[in-house]
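Read in order, the letters of the sequence shown are residues 1 to 726 in our numbering.
Hint data in this document are derived by calculation from the structure and do not stem from the laboratory. We put the CB at the ideal spot given by N, CA and C, even for glycine. Please note: incorrect hints may appear among the correct ones.
Here are the simulated lysine-lysine pairs, DSS-like style, with alpha carbons at most 27 Å apart [claimed, not checked]:
{"id": "1", "residue 1": "K684", "residue 2": "K445"}
{"id": "2", "residue 1": "K317", "residue 2": "K270"}
{"id": "3", "residue 1": "K301", "residue 2": "K317"}
{"id": "4", "residue 1": "K239", "residue 2": "K317"}
Derived Cβ-Cβ restraints for the label pairs, each shown as a range [said to hold, decoys possible]:
{"id": "5", "residue 1": "E42", "residue 2": "E73", "range": "42 to 48 Å"}
{"id": "6", "residue 1": "E73", "residue 2": "E373", "range": "51 to 57 Å"}
{"id": "7", "residue 1": "A78", "residue 2": "G307", "range": "24 to 30 Å"}
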Amino acid sequence: MLTMEVSLAGVLGRVRSARESRADSRKGMPTMFEKLRAWVVERVAERRLRAEQSRAARLAERQLKEEDRARIEREQQARLAIERRRAEDEERRSEERRIKRELISQKEPVITRQAPPAVPAQPDTAVASVQQLDEVRLDYPVDTTADPQPEVAVPARLASNTRSEMAAVIRERAARNEQAKTVKAAAPDVTVDPDVAEMTSTAWIDRTVTGERTGSAARMAVKPGPRRKEVIEPLSAYKPPSLDLLEPPIGHHEQAEEELRERAIILAEKCKEFSVTGHIHRINPGPVVTTFEFKPDPGIKYSRVVGLAEDLCLALKAESIRIDRIPGKSTVGIEAPNAHREKIYLRDVVESSKFQQSESKLTVALGKTINGEEYIADLARMPHLLIAGATGAGKSVTLNAIICSIIYKASPDEVKFIMVDPKRVELGLYEGIPHLLTPIVTDPKRAANALKWAVNEMESRYRELAKLGVRNIEQYNREVREMTHPTLSEENPESPRPLPYIVIAIDELADLMMVARGEVETSIARLAQMARAVGIHLVLATQRPSVDIITGVIKANIPSRIAFRVSSKVDSRTIIDSNGAEALLGQGDMLFLPPGTARLIRVHGPFVNENEIKAITDHTRKQAKPDYNEQVTLSDQETLDADGFEVEQDELYEDALAIVTDMGRASTSVLQRRLSIGYGRAAKILDYMERQGFIGPGEGSKPRKVLQAAYDFRERVEQKRQEVED
C-alpha cells in the first residue's frame, strides 16, 4: 500500500509541474508573435520604400534621356544647318571656279613676241653692200597648222649690228668665191661637189642671212637691237606630230552635290562611332577620286584617323580609301573613289598650257592630280625614273605616254632613244622611228651591252665637255651652236656638233637582272650617278617590286620613282619607302615621288592606245629614216678585231667607195645625200675607208682626198665581178 501511495504522489507531482510549465509557456507566446509581426511589417515597409525610390529613379532617368534626345536632335539640326551652309558656300565657290575655268579656256593664247610682217629677201640676188644688208628684215613663214615655234637668231658673226663685221663677212665670202672660180678654171674636167660650189657662191650669203638652208624649211629672224641671244636652229626640219592624232576626251561626268554631301555625312558619322570626332571641312571632287578634307577635333590623333581606312571603306562601299595629310593645311585628306571614273586622255595633258609652255625637251605628261590639274615633269631634272607595280596596273601605258610626250617635244636631232623590250610586244610600235639610236633591243644580253655602251658614251661625253670647259650638256650645246654655223661644218666631220639627249627606256628590268645581274646593276649605278650632266637618262619599269630586283644600289641612285598598285605594304615600301601603293585603284593610278622631296603626289596617268601610238610613229617615219648606231648592242669581242678595227663592213660600203672614187673626193654630206643615210653612218664609213688606206685624213672644212689605193681596189673588184659574169 505504501508503495502505491508513493508512486501516486510522484505522478501527481509530475502532472503539477507539467501544468505549471504549460502555463508559463502560454504566458511567453504573445511576446514572440508580436516580434514576428513587427519584423514582417518592417520588411514590407522597406520594400515599399525601395519600390518608390526605384520608380522615382526610373522617372528621373527617363526624363534625362528625353532631355538628351532633344539636345542631340537640336545638335544634329544645327550640324545639318552648318553643313548645308558649307555645302552652299562650296557650291558657290565651285560654280565660281567653273565659270573662271570656262572664261580662261575661252581666252586666246597670249603671244609674248610677234615679229612684224616683212618681205623676205630674194635668195638668188647677191647682197651688194652693207646698206642692203641693213635693210633686210625677215620673218617666219606662216603655218596655221603647226604649233608656233620659238624665235631664233643667227650667230653674232653673221647677225652683228656693226657694219665692219658684216663687211668682213662679205669680203671673206667674196674671196672664197674668187678662189672657187680659179679652181674651176684650172681644173674644168673635175666634178665639183654641189655643196662646195654652193658654199662659195654669193647666194650663200643671202641664204646665211635669211636663214635658208638646204633641207630646212625654217627661217631665222634678224632684228636690229643692242643685244642678241646667239641661238641656232636645229639642222632638221622636224615637225612634231599634230594634236589631232590623239583622241579627244569624251564627255565629263559631274558628281551630284547631294551625293557628295551624303557621303560626307556618312564619313563624319562613321568616324564619330569610333570616338574620332570632327567635321568635313571641304569636298574636292576629282576625275577619279574625291578628297574629303576632315578636320579632327582637338585631342584627336592623326594615327586614329588613318586606322579607320578599312571601316570607312565598308561605310562607303568603296574598293579602297587612302588617307593622308594635306600639305599646308590642318586637315586630313580622305581620298574615296568616285562611282563613275573619268578616263584621262593623253591629249588633255599634251595640249595644256603647262606642257606647251615647257622649254625642256624631256617634258613628260604624267597625267592629272586628284584635283583634276594637269601634271607634267621634267626628266632632265629627275634625272632618272623608276616605275614599278603589279601586272595590269598601268606601267606600260605610262611608259608609252612618256615616250610620246618626248616625241611631241623633241626632234630626232635633240633626243635619241634606246628601247629595251624583252617581252617583244610593248615597244614594237616604235620600230623604225628616227628618234631611235638602235633597233629595239629584245635580247637581255644585247641590252646589257647597250648599257655598257651608254657608260662608254658617258665617259666620252665628259671628255668632250672638258675640252670646252663646260659642266653640262646644255652649256656644251650652247657653246657649239654659238661658235659653229651648220653650213660651215657640214664638210668637217671633226668639228664639234650638238649632243642629243639619250633616253634609255627598259620595259622589264627583272629579265635583265636575271640574265646579267652584276653587269646590269653596275652599269645602271654608274649611269644613275654620273650620266645626268651629259644628257643620258634612264626610265626603268618592272612588275616585280622585290628587293632582289630593285636593289639598294638602284634605289639610292634613282630618287624619282612611280609606284602603281601593289599587293602588299612591303612592296609599297620597297618602291617608295612608305605605305600607300597598296590602296591605289589600278589602271594608271600612281604615287609619284618627285626628286628632292619625300612628299608623295597622287597622279592619274593618261591613257594612250595603239592607234594613237601608230599614228604618231607613222608621222615621224615619214619625215626621216632612223640613223642607227650598230655599235650600241655589240659586245667588245663583236666590235673590234685583233688589230682594233671594226669587223663588220657596212652594206653600203662598196657603193660609198664607188661614189668617192668617181668624184675624186670624200665628204659626209655627199654620202648622206647620195645614199640617203644619216651623218653618223656616213662618218663611220669614211673612218673605215681611212683605216683601209683609201682616203686621207680630214683637213678642216675641206673634203678628204681619195688615194690611189682606192682606185686600185675598185679596179680589182670590177675585174673580179667581170670574171664572175663571164
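Outcome of the hint check:
Note on K684 and K445: the hinted pairing holds, with a Cα-Cα distance of about 25 Å set against a maximum of 27 Å. The straight-line distance between the Cα atoms of K317 and K270 is roughly 13 Å, inside the 27 Å bound, and the hint therefore holds. A threshold of 27 Å between alpha carbons decides the hint, and for K301 with K317 the separation of about 25 Å falls inside it, so the pair holds. A hinted pair counts as satisfied when its Cα atoms are at most 27 Å apart, and K239 with K317 does not qualify at roughly 49 Å.
Hint check: E42 to E73, Cβ distance near 47 Å, so the stated range 42 to 48 Å holds. Under the hint 51 to 57 Å, the C-beta atoms of E73 and E373, about 42 Å apart, miss the expected range. Checking the proposed 24 to 30 Å range against A78 and G307 shows it holds: the Cβ atoms sit about 29 Å from each other.
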